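Construct the complete structure from the given sequences, taking the supplied hints into account.
For the record, the sequence lines run as chains H and L. The working numbering puts the first residue of the first sequence at 1, with every later residue one more than the last. The working numbering puts the first residue of the second sequence at 113, with every later residue one more than the last.
Worth double-checking, as some hints may not be accurate.
Stated by the list, open to error - With a straight-line Cα cutoff of 30 angstroms, these simulated DSSO-like cross-link-like pairs (lysine-lysine) come out:
(1) H/LYS96 with L/LYS211
(2) L/LYS206 with L/LYS180
(3) L/LYS206 with L/LYS154
(4) H/LYS7 with L/LYS154
(5) H/LYS65 with L/LYS206
(6) L/LYS206 with H/LYS96
(7) H/LYS65 with L/LYS211
(8) H/LYS65 with L/LYS154
(9) L/LYS154 with L/LYS211
(10) L/LYS154 with L/LYS223
(11) H/LYS96 with L/LYS180
(12) L/LYS211 with H/LYS7
(13) H/LYS65 with H/LYS96
(14) H/LYS7 with H/LYS65
(15) H/LYS96 with L/LYS154
(16) L/LYS211 with L/LYS180
(17) H/LYS96 with H/LYS7
Keep in mind the hints are simulated off the structure, nothing from the lab. Computed from a predicted model, the values in this text were never measured in an experiment.
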Amino acid sequence: SAVISQKPSRDICQRGTSLTIQCQVDSQVTMMFWYRQQPGQSLTLIATANQGSEATYESGFVIDKFPISRPNLTFSTLTVSNMSPEDSSIYLCSGKFHYGYTFGSGTRLTVV
Amino acid sequence: KQEVTQIPAALSVPEGENLVLNCSFTDSAIYNLQWFRQDPGKGLTSLLLIQSSQREQTSGRLNASLDKSSGRSTLYIAASQPGDSATYLCAFIKAAGNKLTFGGGTRVLVKP
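Structural data, given as structure tokens:
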């Protein structure tokens, strides 16, 4: 199965700053997704990252806050902008393959 | 809207006991079901994928069943080990859709 490398694995950031999370897939994948997991909660889909077009955001998430890039079929980034303590979460990327979904190792973000 | 419920939310068993984790859903129009494992602060590891035409999948000590008519999936882990301690998440892909809908997870502790 494919492997998705995600970085950074964790970071502590000051409020008001931005953090960009990267995911690199070792094979081409058409559909990639970004999730947020708040403390003690399950995963919530932020957006679907489309290659060659804008990301599709779920209700409650906007491009200005979570801009996404998908320059090719093996790479995507998520930026968490103008961070506040409420953005402290684990962020995960995922790819859809014929055998199911594979996830990156997650980015644990703490905003202070 | 598809709702996914996992019961129990937490489970503690002595080493060697069999684990039974339940996942129920409200909409029978599912395409695939996937079980994941998540270690604290980490990403998701795929365990088993059951396609809608299948009733179960097995991998080593793990067996997952799917009963669409009753809206249930069950993950069995035989002869549990302390290394099985983690949170287990089920997720559905609705027919004709690509988004995973997650349950809240079951946090498992296997005591030596």
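Okay, the hints, checked on the actual structure:
For the hint linking H/LYS96 to L/LYS211, the alpha-carbon distance of about 9 angstroms falls within 30 angstroms, and the restraint holds. The straight-line distance between the Cα atoms of L/LYS206 and L/LYS180 is roughly 12 angstroms, inside the 30 angstroms bound, and the hint therefore holds. The hinted pair formed by L/LYS206 and L/LYS154 meets the criterion: a straight-line CA distance of about 26 angstroms does not exceed 30 angstroms. Between H/LYS7 and L/LYS154, the direct Cα distance comes to roughly 12 angstroms. Compliance with the 30 angstroms bound is thereby established for this hinted pair.
Between the alpha carbons of H/LYS65 and L/LYS206 the distance comes to roughly 28 angstroms, so the proposed pair stays at or under 30 angstroms and holds. For the hint linking L/LYS206 to H/LYS96, the alpha-carbon distance of about 14 angstroms falls within 30 angstroms, and the restraint holds. Restraint check for H/LYS65 and L/LYS211: the C-alpha separation of about 21 angstroms stays at or below 30 angstroms, so the hint holds. Taking the CA atoms of H/LYS65 and L/LYS154, the gap is near 24 angstroms; set against the 30 angstroms cutoff, the hint holds.
Restraint check for L/LYS154 and L/LYS211: the C-alpha separation of about 21 angstroms stays at or below 30 angstroms, so the hint holds. Between L/LYS154 and L/LYS223 the CA atoms are separated by roughly 21 angstroms; this keeps the pair inside 30 angstroms, and the hint holds. Using a Cα cut-off of 30 angstroms, the hinted pair H/LYS96 and L/LYS180 holds, with the two alpha carbons roughly 22 angstroms apart. With a CA separation close to 23 angstroms, the supplied pair L/LYS211 and H/LYS7 stays within the 30 angstroms bound.
Among the hinted pairs, H/LYS65 with H/LYS96 is consistent with the structure: their alpha-carbon atoms are about 24 angstroms apart, no more than 30 angstroms. Between H/LYS7 and H/LYS65, the direct Cα distance comes to roughly 19 angstroms. Compliance with the 30 angstroms bound is thereby established for this hinted pair. At most 30 angstroms may separate the alpha-carbon atoms for a hinted pair to count; H/LYS96 and L/LYS154 meet this at roughly 19 angstroms. Simply put, L/LYS211 and L/LYS180 have alpha-carbon atoms about 18 angstroms apart, close enough for the 30 angstroms limit, and the pair holds.
A threshold of 30 angstroms between alpha carbons decides the hint, and for H/LYS96 with H/LYS7 the separation of about 19 angstroms falls inside it, so the pair holds.
In terms of the numbered hints stated before, the structure departs from none.
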